[in-house]
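**Student:** Each chain, letter by letter, is given below.
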Amino acid sequence: MSTTAAAPATGSTEAVPSRGMRFTGWAANYVDERTSASTAVKALGRKIFPDHWSFMLGEVALYSFIVILLSGTFLTFFFDPSMTEVEYEGSYLPLNGIPMSVAYATSLDISFEIRGGLLMRQVHHWAALLFVASIGLHMLRVFFTGAFRKPRELNWIVGFLLFVMAMALGFTGYSLPDDLLSGNGLRIIDGMIKAVPVAGGWISYLLFGNEFPGTDIIPRLYVLHIMLLPAITIALIGIHMVLLVVNKHTQFAAPGRTNDNVVGAPVMPVFAAKAGGFFFIVFGVIVLIASFFTINPIWNYGPYDPSPVSAGTQPDWYIGFADGALRLIPSNLESVIFGYTWSWGVLIPLVGLVLFLAVVALYPFLEAWVSGDKREHHIAERPRNAPARTAIGAAGVVFYAVLWAAASSDLIATHFRLSIEGVILALQTLAIAGPIIAYLVTKRVCLALQRKDREIALHGFESGRIVRLPGGEYIEVHEQLDDYERWKLVSYEEYQPLMVRPDDRGRITVRQRVRAGLSRWFFEDRIAPVTVRELEQQKH
Amino acid sequence: MALSSTASSRRAGRRSPLVTTALLVAGLLATGGVYALVATSASADTRAASAQLVDEGGKLFAANCATCHGLAAQGTAAGPSLIGVGALAVDFQVGTGRMPLAASGPQADVKPVQFTQEQIDAMAAWVAELAPGPAIPADRYLAGDGDAANGAQLFRTNCAMCHNVAGAGGALTEGKWAPGLSNIDPVHVYAAMVTGPQNMPVFSDLNLSPEDKNDIITYLRYLDENPSVGGFDLGSLGPVSEGLFIWIFGLGALVAVTIWLTAKSN
Chain A
179 MSTTAAAPAT GSTEAVPSRG MRFTGWAANY VDERTSASTA VKALGRKIFP
229 DHWSFMLGEV ALYSFIVILL SGTFLTFFFD PSMTEVEYEG SYLPLNGIPM
279 SVAYATSLDI SFEIRGGLLM RQVHHWAALL FVASIGLHML RVFFTGAFRK
329 PRELNWIVGF LLFVMAMALG FTGYSLPDDL LSGNGLRIID GMIKAVPVAG
379 GWISYLLFGN EFPGTDIIPR LYVLHIMLLP AITIALIGIH MVLLVVNKHT
429 QFAAPGRTND NVVGAPVMPV FAAKAGGFFF IVFGVIVLIA SFFTINPIWN
479 YGPYDPSPVS AGTQPDWYIG FADGALRLIP SNLESVIFGY TWSWGVLIPL
529 VGLVLFLAVV ALYPFLEAWV SGDKREHHIA ERPRNAPART AIGAAGVVFY
579 AVLWAAASSD LIATHFRLSI EGVILALQTL AIAGPIIAYL VTKRVCLALQ
629 RKDREIALHG FESGRIVRLP GGEYIEVHEQ LDDYERWKLV SYEEYQPLMV
679 RPDDRGRITV RQRVRAGLSR WFFEDRIAPV TVRELEQQKH
Chain B
2 MALSSTASSR RAGRRSPLVT TALLVAGLLA TGGVYALVAT SASADTRAAS
52 AQLVDEGGKL FAANCATCHG LAAQGTAAGP SLIGVGALAV DFQVGTGRMP
102 LAASGPQADV KPVQFTQEQI DAMAAWVAEL APGPAIPADR YLAGDGDAAN
152 GAQLFRTNCA MCHNVAGAGG ALTEGKWAPG LSNIDPVHVY AAMVTGPQNM
202 PVFSDLNLSP EDKNDIITYL RYLDENPSVG GFDLGSLGPV SEGLFIWIFG
252 LGALVAVTIW LTAKSN
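So the sequence lines, in the order shown, correspond to chains A and B.
Sequential numbering of the first sequence, starting at 179, is according to the working numbering.
Sequential numbering of the second sequence, starting at 2, is according to the working numbering.
Just so you know, the hints here were simulated from the structure itself, not pulled from any lab data.
If you're wondering where the values come from, they're calculated on a predicted model, not measured in any experiment.
Where a beta carbon is used, it is the ideal one built from N, C-alpha and C, also for glycine.
The reader is advised that the hints may include incorrect statements.
[Claimed, not checked] Anything over 12 angstroms on all C-beta distances counts as not near chain A; from chain B, calculated:
#1 Thr22
#2 Gln53
#3 Ala64
#4 Gly76
#5 Pro101
#6 Leu173
#7 Pro202
#8 Gly236
[Claimed, not checked] Residues from chain A that face chain B, not an exhaustive set, calculated with beta carbons under 10 angstroms:
#9 Met234
#10 Tyr479
#11 Leu596
#12 Ser597
#13 Gly600
#14 Asp660
[What the hints assert, rightly or not] A few chain B residues that don't get close to chain A, going by computed Cβ distances all over 10 angstroms:
#15 Ser51
#16 Cys69
#17 Gly98
#18 Thr117
#19 Glu130
#20 Gly170
#21 Thr174
#22 Glu175
#23 Lys177
#24 Asn184
#25 Ser237
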């Protein structure tokens, strides 16, 4: 930090430097001569970040991950994943003398005996929830502004993998305390694995090392949770950051902001100061929440025992959509084929979720193929200007949200005084109809907003001032936008549906037909952007 | 009851996390003891079920319950027979306000109690006269001075699948639900286990001995008297309320901060 701050200072000290300045100058030079750090600082220090609140959501994810690393390191000092059975003798009275695993006992000790341990546990868990939530919001921002388009498709994939890693880290962490809740969660995973035809039983035995639950799973998950998964996550974050620098940041169209430049604050010093401050704000918010609000009170749940299941047993929110899918699928789907039982009630949600995630991961390539657009895009689109994409996104959000809500079907039933069967039926209907309705409505809303933008760009906005003309006619005065405002409304690109054309050999391939069909679906309904000529005409 | 609850809240205010187990046990014994003294004088009347009390109960029953349960408590199409349900069932149903029923629905709801304890005792005595049934238990089984650890384990095994491990309640089928269990009068907890009201199964003395029931009461009392050490418990509903909280308040606050940070200074 000191070297980066001092690098520009060494060049500009012509007046008499103070002792402190001379020291930083000397120190910076010392480091630079041995590491050539100034090259990196020069390159990175001039990296430009455009200013928009939605561009900081990824930072929230990054900072909460740092908080997770710090608090997690603290927790590893005191947590022992061993499954050896001990009798609890800590200060939580209702568990006194109860036999439990060392893993659960040390989790309880962190909560009750280690000074600051409970705060750290709560910081760790709240930060984890925030980590995945901010990744989700960040992904939505990138999706709806089209910031995944060339050249950023690969970074979308890296980000998607980070999302998957975050869920994997969350789930392995959720399982570690070996309390009733985490054991129930593992039981569901075990059930999902066993539903895989032919290989399921083998995979389950391999993973658990024995009949469920066995004594191997917690130490194994611990290794994954503190070593392999964080290492992969950190590596992916590194790649994500490098690609972010290489690709430059997107920005919203505005006067002076084009596809070929980036307008904003350089990393040094403005952005670094802001980001540094923002890190402490994120840290502070997490610690504040962790000090006032209980998260995962493991002492309530007791040690894991395969027989009891608590009412209101749910996974953490980011696994909720998977739990919801299992709750929504009709429960009696099962068939026996070739002597193997096919549990469609588990397999359909499993395959459906994998497909859903695959579509999320591959969407940039799909859209690029459909539009045939090979250009680079550095302008973040306004969602309304890509109606089909925005509508697909809205449909996806609704689908995810319905599955997510289904994970709390029992709580919805008790808290809104409904019957759980009614809630399930309503959510089943919504899971199918909701995305379709969301698609249609969003697309229409986008087109309507585009039409409104066009109207305002061409004719200005209603001023509310009524003027009576000499002839007695009343008109409302429309005020024209200034050029800066108008720029935002008119600068977007228009795509047209592909025409099906015969290739060199005079044939029309199926592939081409599919592509043309998709392209029609994407771009048939569109509002033409305002042209320069239209604007010129309007002025006269 | 009022005496014990003020005593406990005053104690909770001074509580530090370093309080010893011994102090806690002593406190529980003290509150239990105070409660036992109060409860003894209340239930003494019940046991002295004089003919006068039964008569009075009969009149109250005819005026308030007979429409559905029949004049001889033999049951009608609108309500079940009460012959053999015992005094304990009456004490539970009327004492928690579930009876008289406000409206038919999937389940009788808790509402403000409609009768005084004397009136409830009178009706209980009248119903108990009809045929033998579960009676109000001895005070020592309601004291809440048992083994909280055993109670917690029994609770997790027998009760938590409907009532939630922290007694926050849960959903049942067809619009029915298992109610939350915070701050329930011990006699009602005991009665629920013995008489199995609404959709609840009966936990007979062979299934859970009276001592076990007292342990469960002890655990519930522990939950009432010891708020979550981690801070506000968000309803003890588990990960759902935590997820909602982080999205609305955690991420909401940080989005507000990002908007503030990027707001133009001019």
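**Student:** Against each hint, give a clear statement of whether it holds in the structure.
**Tutor:** Here is what the structure says about each hint:
no., hint, result
1, Thr22, "violated (6 angstroms)"
2, Gln53, "holds (42 angstroms)"
3, Ala64, "holds (30 angstroms)"
4, Gly76, "holds (26 angstroms)"
5, Pro101, "holds (20 angstroms)"
6, Leu173, "violated (8 angstroms)"
7, Pro202, "holds (15 angstroms)"
8, Gly236, "violated (9 angstroms)"
9, Met234, "holds (4 angstroms)"
10, Tyr479, "holds (5 angstroms)"
11, Leu596, "holds (7 angstroms)"
12, Ser597, "holds (3 angstroms)"
13, Gly600, "holds (8 angstroms)"
14, Asp660, "violated (16 angstroms)"
15, Ser51, "holds (42 angstroms)"
16, Cys69, "holds (23 angstroms)"
17, Gly98, "holds (17 angstroms)"
18, Thr117, "holds (30 angstroms)"
19, Glu130, "holds (37 angstroms)"
20, Gly170, "violated (6 angstroms)"
21, Thr174, "violated (6 angstroms)"
22, Glu175, "violated (5 angstroms)"
23, Lys177, "violated (8 angstroms)"
24, Asn184, "holds (17 angstroms)"
25, Ser237, "violated (7 angstroms)"
Violated hints, in rising order: 1, 6, 8, 14, 20, 21, 22, 23 and 25; the structure is consistent with all others.
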